[in-house]
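Asks: One line per chain: the protein sequences are W and A, in this order. If you want the working numbering, it's the position in the first sequence, counting the first as 1, plus 1. If you want the working numbering, it's the position in the second sequence, counting the first as 1, plus 708.
Derived from the structure by calculation, the hints contain no laboratory data. If you're wondering where the values come from, they're calculated on a predicted model, not measured in any experiment. Be aware that one or more of the hints could be misleading.
Covered stretches of chain A, going by a simulated chain W footprint (3 or more residues, C-beta under 8 angstroms) [what the hints assert, rightly or not]:
| no. | region |
| --- | --- |
| 1 | 727–737 |
| 2 | 751–760 |
| 3 | 781–795 |
For glycine and all other residues, C-beta sits at the position ideal for the given N, C-alpha and C.
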Amino acid sequence: MTISLNGTDVDVSGVRTLAELIEQRTGTTRGSAVVVDDVVVPRAEWAAFPITDGQRIELITAVQGG
Amino acid sequence: MTYSQAVDGDPFMVAGVELPSRLILGTGGAPSMAVVDEVLAASGTALCTVAMRRVDPSTAGSIVDVIDRRGVRVLPNTAGCRTAAEAVRTAQLAREALETDWVKLEVVADERTLLPDPIELLAAAERLVADGFRVFPYTNDDPVLARRLQQAGCVAVMPLGSPIGTGLGIRNPHNIELIVAEAVVPVVLDAGIGTASDAALAMELGCDAVLLATAVTRAQRPALMAAAMADAVRAGRLARRAGRIPKRHHAQASSPTEGMPVL
Chain W
2 MTISLNGTDV DVSGVRTLAE LIEQRTGTTR GSAVVVDDVV VPRAEWAAFP ITDGQRIELI
62 TAVQGG
Chain A
709 MTYSQAVDGD PFMVAGVELP SRLILGTGGA PSMAVVDEVL AASGTALCTV AMRRVDPSTA
769 GSIVDVIDRR GVRVLPNTAG CRTAAEAVRT AQLAREALET DWVKLEVVAD ERTLLPDPIE
829 LLAAAERLVA DGFRVFPYTN DDPVLARRLQ QAGCVAVMPL GSPIGTGLGI RNPHNIELIV
889 AEAVVPVVLD AGIGTASDAA LAMELGCDAV LLATAVTRAQ RPALMAAAMA DAVRAGRLAR
949 RAGRIPKRHH AQASSPTEGM PVL
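Make a model of the complete structure from these sequences and hints.
Replies: See the structure below:
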């Protein structure tokens, strides 16, 4: 199963939900936000939100900034 | 009145929250997370900004953890956004990521000037206020735009002293005074601060707080400059409250003119 994650195609076989994906990529679900196919997915929906082939996902976090 | 009595009892109230410091720190430009931690501590700030970007797996440590450990409140920004639509989307992401409805709204017109685009800024502010955000707009030093942003429901206005990262100080103090004079929300001088005297001047002009990043994070000794800024903001605030003397064109003796001995 392949998705586009932050502009790069990645194989995410075995990852079932958005919460799992975020945990896998950031080590935590704190401080992150996610856009799936141009829609912001609220934090409360991550645990049940399914990862499916071909999704375009932007995974965002806080960084240093003025 | 003692020094501590003069300093205490004058909290910074914004968006219904009392903050113990009038210095808001941007974290951009610091060479490492350790330096961010140092300047947070040295500045005594109670509020600092972060930007929202794609997750970079190679980045070690989280800025959010550093900020949390210092007990500082976070103010996410929409830096890099050029349109109202981008800024609104970024603010929504920040709200999800950081679980705060506070946002420093930045909508710049171009990379060369980094000046706010007033049309997009006001449109974004209106949409974010309607969506329940507490909006802190980074704006031009334009009293009319500042007024419009307040009418739109922003919880503060944050006029620039000079363009972002220039360190040119406050180029139009008269406009800052005008914005302060009619403000119904806190005025935060944002951008252009180069050194401590600029921060003090902002407060003397009547600003409620100062937001700065580069002046501290890119100083040769960031923690030292952070401490200097904290003192400058405090001194400027005290001077504003104390009421400065009017400027005169000619000398006026401060010693008595009566009772001079004949020598």
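Asks: Between the region 751–760 of chain A and chain W, see if three or more residues pass the 8 angstroms beta-carbon test, and mark the coverage as holds or violated.
Replies: Satisfied; 4 residues make the cut.
Asks: With a cut-off of 8 angstroms between beta carbons, are at least three residues of the region 727–737 of chain A near chain W?
Replies: holds (count 4)
Asks: Confirm or reject the coverage of the region 781–795 of chain A by chain W under the rule of 3 or more residues with a beta carbon closer than 8 angstroms to the chain's beta carbons.
Replies: holds (count 4)
The structure fails none of the hints (numbered hints given earlier).
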